[in-house]
Amino acid sequence: MGSLFGYRDSSPSVKNILLLDSEGKRVAVKYYSDDWPTNSAKLAFEKSVFTKTLKTNARIEAEIMMFESNVVIYKFVQDLHFFVTGGDDENELILATVLQGFFDAVALLLRNNVDKREALENLDLILLCFDEIVDGGMILETDPAVIAGKVATHTMDADAPLSEQTITQAWATAREHLTRTLLK
Amino acid sequence: MAQPLVKKDDDRDDEAEYSPFLGIEKGAVLQEARVFNDPQLDARRCSQVITKLLYLLNQGETFTKVEATEVFFAVTKLFQSRDIGLRRMVYLMIKELSPSADEVIIVTSSLMKDMNSKTDMYRANAIRVLCRITDGTLLTQIERYLKQAIVDKNPVVASAALVSGIHLLQTNPEIVKRWSNEVQEAVQSRAALVQFHALALLHQIRQNDRLAVSKLVTSLTRGTVRSPLAQCLLIRYTSQVIRESAGSTQAGDRPFYDYLEGCLRHKAEMVIFEAARAITELHGVTNRELTPAITVLQLFLSSSKPVLRFAAVRTLNKVAMTHPMAVTNCNIDMESLISDQNRSIATLAITTLLKTGNESSVDRLMKQITNFMSDIADEFKIVVVEAIRSLCLKFPLKYRALMNFLSNILREEGGFEYKKAIVDSIVILIRDIPEAKESGLLHLCEFIEDCEFTYLSTQILHFLGIEGPRTSDPSKYIRYIYNRVHLENATVRASAVSTLAKFGAMVDSLKPRVFILLRRCLFDSDDEVRDRATLYLNTLGGDGSVVETDQGVKDFLFGSLDVPLVNLETSLKTYEASEEPFDINFVPKEVKSQPLAEKKAQSKKPTGLGAPPSGPASTVDAYERLLSSIPEFSNFGKLFKSSAAVELTEAETEYAVNVVKHIFDRHVVFQYNCTNTIPEQLLENVIVAVDASEAEDFIEAGSKPLRSLPYDTPGQTFLAFEKPEGVPAVGKFSNTLRFIVKEVDPTTGEAEEDGVEDEYQLEDLEVVAADYILKEQVFNFRNAWENMGPDFERVDEYGLGQRESLNEAVTAVINLLGMQPCEGTEVIASNSRSHTCLLSGVYIGNVKVLVRLSFGIDSSKEVAMKLAVRSEDGTVSDAIHEIVASG
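In order, the protein sequences belong to chains X and G.
Numbering-wise (UniProt numbering), the first sequence opens with residue 1 and increments by one.
Numbering-wise (UniProt numbering), the second sequence opens with residue 1 and increments by one.
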């Protein structure tokens with residue numbers, strides 16, 4: 001998979017997406033490149049990126065920095081820090097679009113209560129979000145409404161027998177309808 | 001308060017530290033995973049457990065092989081449930097676990113069923129999961145579904161298949177390449193992202209087929225590409241096509257430039273930027289082509305979005321390296337970025353301005369930078385320092401302001417790399433701008449008063465020893481140097497002693513005072529310091545009499561070591577302690593040419609203090625030992641130079657022969673390296689017969705035939721010629737290989753008794769003027785040039801006629817002279833119209849030669865060259881001109 005990265009003529013690619021809390025701890029992370037082969041290498045990267053960006057004000061507009069030959073784009077809200085990393089040569093605006101897609105999709109899915117606690121309680125949605133935005137480094141989708149829509153389809157399989165539907169599942173259906181209305 | 005094991009569902013704690021995963025533990029979660037096996041599946045609970053498992057993995061927890069297998073088998077049970085949410089989590093989990101091949105089989109049928117489901121979400125995800133975990137054999141089974149999925153009307157399904165194809169292309173290219181018809185169809189899709197993924201895959205399938213890529217670009221640049229991402233891709237592919245066709249199209253309009261320019265008016269910023277960047281990176285881009293791209297980038301500079309500003313300033317910064325004038329229009333916007341909140345943007349703006357600024361703006365710029373230096377990181381500071389150094393070299397008149405700036409930042413806090421960059425810059429300025437010398441040296445002196453880095457202290461002391469004595473008032477440096485002897489560690493003390501001695505040797509009036517200081521050092525606690533002090537006191541005649549230091553001593557103190565350090569090292573290693581003292585004159589002086597990559601890396605930066613004279617390993621030693629072991633050649637004296645091997649046969653012929661030319665003062669020895677490539681033959685009495693009728697100055701003086709040359713075992717035969725002493729005689733020699741050939745029985749390996757005489761024609765060999773010039777590296781050409789003096793300078797101009805490029809002309813002259821290019825001047829900026837190249841070498845008879853070549857090329861590719869030679873001997877300077885005139 002490593003060969004997806006590094007060509008000048010290749011498709012835009014994302015090396016990782018990070019969601020850290022206000023102390024730099026992981027809420028959820030996803031790495032797509034082999035640049036950080038071990039967990040400790042990943043943690044070290046997260047720590048330095050977090051420390052280097054801590055003092056900046058990335059709450060209104062996404063900010064950007066170069067770090068170890070990577071472009072890191074980031075944005076903060078409440079006690080959550082969002083990061084998207086791409087190669088040195090990557091088009092910064094494409095990476096910014098990925099970050100914005102992730103950021104806004106999470107806001108939609110968490111009904112605008114975007115904080116660490118809410119994110120952890122809905123960790124399944126965050127993880128599905130990663131899965132819908134980037135696949136092995138390749139950008140899958142950047143439109144937040146589409147991403148959130150794909151993540152939130154918690155309905156029953158159309159041809160499932162009604163008896164299998166429980167109260168909880170009905171709840172889930174209701175939640176999905178709520179999200180749908182929010183998306184519009 | 002918080003209970004030890006908090007479950008996600010119940011008791012929400014309102015504490016700030018609340019986390020649904022508080023106190024989570026792997027063992028417990030693995031236990032919980034048993035619910036996957038329940039006959040009555042609780043989808044919601046299962047989802048929660050999977051989330052917990054994924055949380056653990058995400059935090060860096062690892063599962064053992066057994067645990068992973070167990071979880072995997074349990075998860076596969078969940079395919080029974082028809083809850084979509086749970087299924088999504090199952091897909092995620094399988095991808096995270098990346099099961100082994102035998103485990104994959106378990107889920108294959110379930111996933112294939114999902115691939116054919118009516119629910120698009122199932123199909124899309126099943127494709128992605130299956131392609132992620134599958135191997136080649138399974139792939140052929142599902143290939144049919146994948147091809148269908150690529151052209152599926154649901155964009156999510158199509159994208160899933162296409163992206164999976166992009167990944168599979170790395171592992172199973174031959175299968176994915178069969179899909180190109182479907183992929184081609186998908187490129188026309190109305191769904192934006194499908195088009196993007198299809199284009200990416202199609203290009204990767206065809207990337208090795210230039211024509212196909214070119215066709216693809218041609219058709220798409222005319223049509224409509226919907227998604228901005230696909231548009232960015234197309235721009236990348238377009239620049240690839242432009243780059244690859246660069247050679248074939250001559251001057252005139254660049255193909256596809258109009259397309260790139262059109263993209264500058266696209267509504268998506270990412271496309272505008274991609275196009276602008278592509279234009280700035282075009283090979284040999286003209287100012288006219290650059291202008292529209294620079295204009296849009298300039299607009300980005302004042303955007304409210306930091307990412308846009310950063311992207312624009314980073315690109316403009318790169319442009320400024322090659323086309324500084326094109327960027328000057330943006331200078332006003334750039335200046336306002338110096339105070340940008342984002343320090344990366346500010347640094348890029350500063351360094352761009354330093355590259356594009358003119359002489360009048362320097363002072364103002366420096367004032368702005370001073371305020372800004374304190375709050376950026378060391379790595380940015382180094383970038384700024386390097387930019388200031390090149391600015392100073394560009395505007396030498398402004399050295400005062402720039403030198404002051406450097407000395408100010410030298411006093412501030414900083415790490416070693418940063419300090420080294422500053423010191424290096426000051427040293428380079430001192431060397432290149434004579435007016436800056438005195439103030440620069442004083443700044444350095446002040447720095448070593450309070451320098452925590454031993455390396456920098458010793459390097460500065462060494463530099464002071466060379467430059468200090470030649471200033472108008474050398475005595476003022478003595479105090480700084482002697483202070484080091486009191487206050488520093490042994491390494492710095494020893495180097496301070498050496499520096500003091502140099503002042504003593506060069507400045508007679510200071511001698512008595514230096515002797516007093518050196519005598520005090522005799523009682524130092526460190527033996528190296530004492531030894532140096534004793535040595536210098538003795539060589540300088542420190543017995544109190546004030547005498548003129550004699551030349552030999554000066555040479556000893558200041559003469560740079562005229563042998564490459566690596567050669568010295570190998571010689572010392574082979575030197576065995578014996579009665580005979582080690583003689584430095586036997587160390588070979590030839591600098592072997594370095595691999596290109598190394599050269600490039602070297603020439604990147606002007607070398608500052610103590611640049612390690614990178615000496616490559618040498619084979620000269622080996623040649624010298626080989627030749628002196630042959631009695632016929634042992635009285636030829638010292639080997640002056642051995643050439644690189646010249647091939648005398650084509651590759652893959654019966655006999656492979658190359659030759660090395662060894663040049664002695666009165667002799668030339670040809671060493672023929674022969675290889676017999678025929679297994680059925682044994683060659684005996686191998687000799688090269690030479691016709692020297694076109695080399696009148698040479699008289700054959702002996703030969704050494706090769707007794708036997710079996711198959712595939714290289715051997716050497718030698719031939720010696722006498723030539724007039726010290727004269728660079730040239731000539732052409734035609735060669736014939738003569739030998740007795742014997743048949744060899746390949747089965748037994750035994751040769752027949754009788755052989756047949758035979759001969760084999762070889763190519764001609766020439767002895768040229770360059771064979772009489774040794775390459776010699778000089779690290780400060782300017783100094784060497786000044787020291788040589790204009791006594792035997794010869795200057796003349798030459799027309800070199802039409803050349804393909806300036807580069808080609810410069811390389812040709814360097815090869816003709818066989819001299820060492822200095823200070824990286826053999827590298828030429830790609831589109832420059834003039835170039836100065838500095839060469840250094842040693843002419844036969846041990847005469848140092850320095851050459852300064854100035855080239856210019858006009859629009860019709862006519863190259864003119866001015867050649868200035870300085871050497872220690874007028875006839876040698878003339879000889880160099882003769883070489884060029886006849887070459």
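A couple of the hints might just be wrong.
[Claimed, not checked] Derived lysine-lysine pairs resembling DSS-like cross-links, with alpha carbons at most 25 angstroms apart:
(1) X:42 - G:65
(2) X:25 - G:26
(3) G:398 - G:420
(4) G:437 - G:420
[To be verified] Examples of chain X residues lying across from chain G (beta carbon under 10 angstroms, computed):
(5) 26
(6) 42
(7) 54
(8) 70
(9) 71
(10) 107
(11) 110
(12) 135
(13) 142
(14) 145
Calculated from the structure, these hints are not laboratory results.
Where a beta carbon is used, it is the ideal one built from N, C-alpha and C, also for glycine.
message: Can you verify the interface hint for residue 70 of chain X: is its Cβ closer than 10 angstroms to any Cβ in chain G?
response: 12 angstroms, violated
query: With a cut-off of 10 angstroms, does the beta carbon of residue 110 of chain X approach a beta carbon of chain G closely enough for the hint to hold?
result: With a closest approach of 14 angstroms, the residue 110 of chain X hint is violated.
query: Would the hint on residue 42 of chain X stand, with a C-beta cut-off of 10 angstroms toward chain G?
result: Holds - the Cβ of residue 42 of chain X comes within 10 angstroms of chain G, reaching about 7 angstroms at its closest.
task: Assess, step by step, whether the Cα of residue 398 of chain G is no farther than 25 angstroms from the Cα of residue 420 of chain G, and give holds or violated.
output: 22 angstroms, holds
- prompt: For the pair supplied as a hint, residue 437 of chain G and residue 420 of chain G, is the alpha-carbon distance within the 25 angstroms limit?
  reply: 18 angstroms, holds
field: Holds or violated: residue 42 of chain X to residue 65 of chain G, with C-alpha atoms at most 25 angstroms apart
entry: 22 angstroms, holds
query: Was the hint right that residue 107 of chain X lines chain G, CB cutoff 10 angstroms?
result: 18 angstroms, violated
field: Restraint satisfaction for residue 142 of chain X [CB to CB of chain G, less than 10 angstroms]
entry: Interface hint status for residue 142 of chain X: holds (7 angstroms vs cutoff 10 angstroms).
- request: Double-check residue 26 of chain X for me: the hint is only fine if its C-beta lies closer than 10 angstroms to a C-beta in chain G.
  value: Holds, because the Cβ-Cβ distance from residue 26 of chain X to chain G comes to roughly 6 angstroms (cut-off 10 angstroms).
task: Would you mind confirming whether the straight-line C-alpha gap from residue 25 of chain X to residue 26 of chain G stays at or under 25 angstroms?
output: 19 angstroms, holds
- prompt: Hey, does the residue 71 of chain X contact hint survive, CB to chain G under 10 angstroms?
  reply: With Cβ-Cβ at 9 angstroms, under 10 angstroms, it holds.
query: With a cut-off of 10 angstroms, does the beta carbon of residue 54 of chain X approach a beta carbon of chain G closely enough for the hint to hold?
result: Hint violated; residue 54 of chain X Cβ to chain G Cβ min 13 angstroms, cut 10 angstroms.
Hint compliance for this structure: hints 7, 8, 10, 11 and 14 are not met, and every other hint is.
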